[in-house]
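Undergrad: Residue-level listing of the chains:
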Amino acid sequence: MKGSISAMNKNKVVLASFCILASAVVFSACKDPQSTGLEYARNMYDPIAYNPDQPNKNFKNGATAQTPPANTTPVGFNKYDDYPNTKEGYEAAGANLKNPLPETEQNLIAGKHYFTVFCSPCHGEKGDGQGHLVKIDKVSGIPSYHGDAASSRGGLMKDLTAGKIYHTIEYGLNNMGSHASQLSPDERWKVVMYVQQLQKIQ
Amino acid sequence: MRDISLIIRRVWKSAFMFTALSVLIVSATQAQDVVEGRKIFKDKCSSCHQLDRNSTGPALTAKMNELDEAFTIKWVRNWKALVDAGDKQAIEAAKFSPSEMTTFPTLTDDQIKNVIAYAKAGEPKKEGDAAATTATADTGVSDFSIAGIVAIILISIAVLVVLGRAIKMLERLILQKRGVVLTEEDNVSLVVGVRRLFKNKKFVFFFILCLVVSLGSFGWMGMWNTGVHTGYQPVQPIKFSHELHAGTNQIDCQYCHSGAFKSKNASIPSVNVCMNCHKSVQATEKYNGEISPEIQKIYTAIGYDPATLTYDKSKEKPVEWIRVHNLPDFAYFNHSQHVVVGEEAIRKQKGLQPNEPVCFACHGPVNTMEEVYQFSPLTMKWCINCHKDAEISGKDNAFYTKVIEAHEKIKKGEKITPALLGGLECGKCHY
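Keeping their order, the protein sequence lines are chains S and E. Under numbering that gives the first Met the number 0, read the first sequence as residues 0 to 201, first letter to last. Under numbering that gives the first Met the number 0, read the second sequence as residues 0 to 430, first letter to last.
The hints are simulated quantities; they were obtained by calculation from the structure and are not laboratory data. Careful: at least some of the hints might be erroneous.
[Unchecked claim] Residues from chain E shown here face chain S by an in silico Cβ test under 10 Å; the list is partial:
{"no.": "1", "residue": "Ser45"}
{"no.": "2", "residue": "Thr105"}
{"no.": "3", "residue": "Gly147"}
{"no.": "4", "residue": "Gln373"}
[What the hints assert, rightly or not] Below are the EDC-like pairs computed for lysine to aspartate or glutamate, each with C-alpha atoms no more than 20 Å apart in a straight line:
{"no.": "5", "chain 1": "E", "residue 1": "Lys94", "chain 2": "E", "residue 2": "Asp67"}
{"no.": "6", "chain 1": "S", "residue 1": "Lys134", "chain 2": "E", "residue 2": "Glu35"}
{"no.": "7", "chain 1": "S", "residue 1": "Lys137", "chain 2": "E", "residue 2": "Glu35"}
{"no.": "8", "chain 1": "E", "residue 1": "Lys394", "chain 2": "S", "residue 2": "Glu102"}
Ideal placement from N, C-alpha and C gives every residue a C-beta, glycine not left out.
Given the sequences, and given the hints that come with them, work out the whole structure.
TA: In structure tokens:
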């Protein structure tokens, strides 16, 4: 009698472990793409300091990435004369601002790179206003840098001065947005240098 | 009499032909007008004007229905002259926005009339729309086929069970006819049957062996994959499609992730970068003239009112994107070091095509991902293997020329300081 009870218990143990195994296999079989899976010592993964993309309750808007305080300039950031985003500011920038960078091959190569990444989707590789997004009919009305295309702020596109181009990159115009957050002032000047080469295309 | 009727018939015939022809010609020229007008509109007007809504300039369809054609032509040619001449209608129209409209003195009367015709007619319906809906129906097929296969398997199992029962019944009937007395062993319950099975020592041994092997391999795999997030694909607050933006629209990775080339982080774009395009791109054609709900989420985040084209800073609400690639805090990874300095080596090592961005080496074919998922395991072994094999070319690489310079100085016995080797970088200590 005693033997049969122990045999029964043994059977129960085996049966229970069988059930656990089956359920474990079933649950692990469907991998949930929204889960990061098993993790060990999670606290070694989580940063102690705040990462820029993390929420942060210490700030009013709840984000760690804050805009720099007014009137401050980051280290290594060349700020050029600031002209306001008005028609007067645009004209003044056009008259007074000159490209501070020397026209070297290196600067032009960098300018071409930034132009290809940030401008050519709409303005086209050659600045003819026929970028990929224009060709697939996502955006339209992009003026050409050369030929007889007119600027909406007066004059021909090919006659725009460096300062005016810089002002437009900084603030945007009409449907074009400001590219100041993507291009640092020095990078903008490199783009201006390259755009002025494209203006010369006949 | 007969002549008269013939003449009438002829006249009627020619009149009919004439009207039919003229109707055809008129409709054809009108269509031509609209097509021509659309071309000019897209080329010259659409950077400021939309047909159905205000942007930099007023919504054109409504405006053209309201204004007189002769006035519009004069206005487009040189509105400034009209305002200077004291035209009341022009002065009123100029008040729409502080930004001034471009003048188009070179456009002819016909060209401007074509644009007006286009603005009044509106955007022609595209033939592609119907094709698009059938295409989406096609993609559903794969789901259907999987469901079909599952259904077939289930049905065949059911058929097998039923057939098995039927065979048993028939066997019983045969035995009964032969006069064999049946013991009711078939009615033994399942639990008792399993118990009997577990009394069999061979079966118990085999079962335990299976258990050990499967648990062992399961545990082994589980431990290997602990902390490995390959395939992680969280649902993001905005249904941003990399397939559309990086694939169809061919926008460079760096346009949005501009930090990847100059800093440690690839940087998630702030919403103002989205607005560079989505100020005008609203995908209204896919939502019956309404702004796409996903694009509306951008507007909500940045506090933008598409009706008045104004931003309200107090309504800003950052988008809470969910990070896909989580490197543990104790591992340091720098994007610019790989994307700029190591580009050539990585391209060669991972066999990338020249038209593919170097980012694909680790992030996979992002231009085909509707929703982004983690492509590479990001484990230490994965890093180490690449670092062992990738071949660095020091030629024409500004980073390595500096290293070589420093080595030359050491060789010559010149003074060399940590500052020369980048020891003044803030991030060397404060990371």
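Undergrad: Of the numbered hints stated earlier in the document, which are not met by this structure?
TA: 3 and 8
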